[in-house]
Every structure is written in C-alpha cells, then in structure tokens.
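Number of protein chains: 2
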Amino acid sequence: MLTLYDYLDNGNGYKVRLLLAHLGRDYTLVEKDIMAGETRTPDYLAMNPNGKIPLLKLEDGSFLAESNAMLNYLAEGTPYLPDGGIDRARVLQWMFFEQYSHEPPIAGARFRMRHLEQTPQVKVEIEARRAPGEATLGVMEGELATRDWFAAGRYTIADIALYPYTHVADQGGFDLAAYPAIGRWIERIEAQPSWFPMLPAE
Amino acid sequence: MLTLYDYLDNGNGYKVRLLLAHLGRDYTLVEKDIMAGETRTPDYLAMNPNGKIPLLKLEDGSFLAESNAMLNYLAEGTPYLPDGGIDRARVLQWMFFEQYSHEPPIAGARFRMRHLEQTPQVKVEIEARRAPGEATLGVMEGELATRDWFAAGRYTIADIALYPYTHVADQGGFDLAAYPAIGRWIERIEAQPSWFPMLPAE
Numbered sequence: 001m002l003t004l005y006d007y008l009d010n011g012n013g014y015k016v017r018l019l020l021a022h023l024g025r026d027y028t029l030v031e032k033d034i035m036a037g038e039t040r041t042p043d044y045l046a047m048n049p050n051g052k053i054p055l056l057k058l059e060d061g062s063f064l065a066e067s068n069a070m071l072n073y074l075a076e077g078t079p080y081l082p083d084g085g086i087d088r089a090r091v092l093q094w095m096f097f098e099q100y101s102h103e104p105p106i107a108g109a110r111f112r113m114r115h116l117e118q119t120p121q122v123k124v125e126i127e128a129r130r131a132p133g134e135a136t137l138g139v140m141e142g143e144l145a146t147r148d149w150f151a152a153g154r155y156t157i158a159d160i161a162l163y164p165y166t167h168v169a170d171q172g173g174f175d176l177a178a179y180p181a182i183g184r185w186i187e188r189i190e191a192q193p194s195w196f197p198m199l200p201a202e
Numbered sequence: 001m002l003t004l005y006d007y008l009d010n011g012n013g014y015k016v017r018l019l020l021a022h023l024g025r026d027y028t029l030v031e032k033d034i035m036a037g038e039t040r041t042p043d044y045l046a047m048n049p050n051g052k053i054p055l056l057k058l059e060d061g062s063f064l065a066e067s068n069a070m071l072n073y074l075a076e077g078t079p080y081l082p083d084g085g086i087d088r089a090r091v092l093q094w095m096f097f098e099q100y101s102h103e104p105p106i107a108g109a110r111f112r113m114r115h116l117e118q119t120p121q122v123k124v125e126i127e128a129r130r131a132p133g134e135a136t137l138g139v140m141e142g143e144l145a146t147r148d149w150f151a152a153g154r155y156t157i158a159d160i161a162l163y164p165y166t167h168v169a170d171q172g173g174f175d176l177a178a179y180p181a182i183g184r185w186i187e188r189i190e191a192q193p194s195w196f197p198m199l200p201a202e
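Protein chains in written order, with my numbering: chain G, 1 to 202; chain Y, 1 to 202.
Same shape as in the complex, but just chain G (with noise of 0.2 Å):
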C-alpha cells in the first residue's frame, strides 16, 4: 500500500490527498509535524533529502517527492491526466506555473500569518508577497473568464494542483472576492465526487 507522509495544514499534501480519494486508493497517512522539526531529523533526510513533505513511499519502498510529481505519477492512464499532446502539455505548464509563481507569495503569505509571530521582519515578508500574489490570481481569473478548467477541457490535475492553496488564500490576506471566476471554479471543484475538506476541522 502506499503511504504519505504528510502536514495536514499544507495545501501540497491536500492536493495528493484529493488525488488519492478521486481515485478511490487506500493508502497509509503517517503525519509530520514539519514545525517540531520532524522533516528534518536525520531519518526523514534519508528518505528525502530536500527535507520537505509530502512524501510518497510506493509499494516497491521507493520515495517519490514533489506533489506535483506524485499527482502526475499517480494519474497516469485515468482521466485526470491526457496521454499525451498539447493538452498534457498545458496541464504541466499549469502546475509548473503554480510552484513557480503561486505556492511562493500566496501559500508564503498565508503560512507566515498562521504559523509564525507576527515580527516587523515576518510583516515586511507578508507584505512583499502581496503584489505577486495578486498578480498570479489576476492570471488565473483572465484565464478562468472563458472557461470552467485550466487544461484539457475538463478537471485535471492542473486544477487539483491550484485548488488547495487558492482557496484558502483568504487566510494569507487575499480577498477572493475580487475574483468572481476563480470563486465559481472552486464551487466546481468542491462539488465533486469524493471531494473532501483540507483539514478535518474545517
């Protein structure tokens, strides 16, 4: 069975997570704590070194790292993944796009505001995350007027990869609300089979 090792408030687990319940797989959730260190101990290091979660352990004992990595990997041949071609491509272009320049200011902003004190240094942090962060959802909104999903015509991977940090982007001092499409985006995806909550909590 597979087994993910995981911070349950980290949109890069979620996304693997969604993945994992769309496709209907069982697998082993072995939580980390990655503010108490415990992505940093020698024996998390050697099964990943860059020292961060999530974290795919496969059935043959391998480790697979990058969320995106693992959604591709996993997708593979069901319908949340092309074959091949420019649809495949722009799924890719998509979630390259959101490491690059949507996981730094907008999971950035909103990790510093719920996880650490708020310092002058921590505020200035938060502050600079604000224009790049609203420039990336500007993108997402002009490409999310005309239609329902990123790539392929349907909901892909692409979108599994953009939904976790995007709607809670509130919580790092986004307004969603300044973006209309992207709020009807997330309705679609929230009414999904076996779409479930980030956190238990929530």
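There's no promise every hint is true.
Note: identical chains are not told apart, hence a pair may lie in one copy or across any two.
[As the list claims (entries may be wrong)] Only pairs whose alpha carbons sit at most 20 Å apart, straight line, appear in this in silico SDA-like list of lysine to any residue:
no.: 1; residue 1: LYS57; residue 2: ALA152
no.: 2; residue 1: LYS57; residue 2: GLY173
no.: 3; residue 1: LYS57; residue 2: ARG88
no.: 4; residue 1: LYS123; residue 2: ASP170
no.: 5; residue 1: LYS123; residue 2: GLY77
no.: 6; residue 1: LYS57; residue 2: ASP87
no.: 7; residue 1: LYS57; residue 2: GLU143
no.: 8; residue 1: LYS123; residue 2: VAL30
no.: 9; residue 1: LYS123; residue 2: GLY61
no.: 10; residue 1: LYS57; residue 2: GLY85
no.: 11; residue 1: LYS123; residue 2: ARG154
no.: 12; residue 1: LYS57; residue 2: ILE86
no.: 13; residue 1: LYS57; residue 2: GLY84
no.: 14; residue 1: LYS57; residue 2: VAL139
Derived by calculation from the structure, the hints in this document are not laboratory data.
Assemble chain Y onto chain G, guided by the hints.
Chain Y in isolation, oriented as in the chain G frame:
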C-alpha cells in the same frame, strides 16, 4: 516552424534551446529584453498573460508557457523523457525541485548580482538566497555522489532543466568548487553532442 521568445541571459530559455539543438529541430528565435519591459507590453501579455519568457509558439499558432512544460512537450517520444512509470515521475520530481527549490535562490541571486544595482536592499535579498541555495546544491551533490544522472539512469530533461542555472551559479556567488560531483555532472553534460554555451559570447 516553432518560434521561441527568449531573453538570452536566462537559463529557462537556454534549457529549451539546448533540447531543441539535441533534437535537431529548427526554430525561429525572437529576443525579448526583459530589462526593457518587452515582456510587459499589451502585445506580449496577449501571448503570455504571466508576462514571462521563454514562450513557445507552436506550429498551430497557439502558445505554451513554462520552460519545463516545453521540455516535456518537445521530449515526448524521445530518449530525453521516459515513456511512463516511476522513471518519468522521477524526471518530473527533479523538474519541480528545479522550479521551487533551485531557481528562486540560485538564479535569483545571480539575477540580482548581474542585472540590478547593488543597493543595500538588493544585497539583503542576495544574502537571503545564500543558505537555501547552498542547501539545494547540497541535495544535488548528494544525489550525484552515487550516480551520473538525476533520473532514469540517463541524460534526460531533468538534467537539462537543472544544468543552466547550476553551471553559472558562481555568477550568483555560489562556489561550485565545494560540489565536486556537480562539477563532474556539468562536464558530462557539456560533452554531449550538440551542446552549446548559454550565451553566444561565452
């Protein structure tokens, strides 16, 4: 024919130009000066709303953004990208690592040292990239200590994605002499047929 919009002193475009050379594919190069705002004009934003280079115009006139999505699209069906399974997932693992853990600190330090006035604020920004950049190079050194290539046992688009900003990391203040396995990997890449240097003058 393919058209690549690029700024030559940029590792993300170099990845794509290097793969196109390996594949023997012709393309038209259109240079865009990011320092002169040429990727922020209305005409450019109509092609790529995210306002970044490189940008690939396909034969059908549509556009593909994100250098690593281009590498996957162009390498499909060639030895540079495994057909599927865990080998393909590991290629993607290193490509997402490149965009999230490598490019921001390592290319970010280089860009600020090479293209921006060295104000106190810029120097703080460069210094903030030192520890994460060294950590990333440390992860790469550890991987390359036991094998020649990052994934699939051969030269793939994972190596092509990681090479550009690694081999000029010294321009961002990182001393590659401390990473001998990375140095040997760079030599292996530069010995590949059809390899060419990043900048025409270098």
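(request) Please flag the earlier hints that this structure goes against, numbers listed from lowest up. (result) 2, 5, 8, 9, 11
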